[in-house]
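Asks: Sequence:
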Amino acid sequence: MATLSPPGAPEQQIALPVRTLSQCLAEELRRLYPDEAYGEVLMDALTSTPLDWCRTHQEPAADEDHSRYTEVFDA
540 MATLSPPGAP EQQIALPVRT LSQCLAEELR RLYPDEAYGE VLMDALTSTP
590 LDWCRTHQEP AADEDHSRYT EVFDA
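So for the sequence shown, my numbering puts the first residue at 540; every next one is plus one.
Hints listed in this document are in silico derivations from the structure and should not be mistaken for laboratory results.
Please read all numbers here as calculations on a predicted model, not as lab measurements.
The C-beta atom is built at its ideal place from N, Cα and C for all residues, glycine as well.
What you were told as hints is all true, and nothing was included just to trick you.
The calculated label-pair distances, taken between Cβ atoms and stated as ranges, are: (1) P546 - E567: 27 to 35 Å; (2) L585 - E550: 53 to 61 Å; (3) C563 - L543: 16 to 24 Å; (4) T586 - P556: 43 to 51 Å.
Using the sequences plus the hints, can you model the full thing?
Replies: In structure tokens form, the structure reads like this:
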């Protein structure tokens, strides 16, 4: 229950539904505007930093010993 107190009018009790956390988060995210300053800094950093320091994924060699793995996933 919520109490509505408009100026110059009597207080009114209003039944409000209980909302889940996901409903509350969804409402907040709908009102979230882009952070322009953060976006500019991020784009500047990504375009000015060489990416050769990043490691890339490499497929394991076909003759690699897989016995040390507890599970094998076929993706």
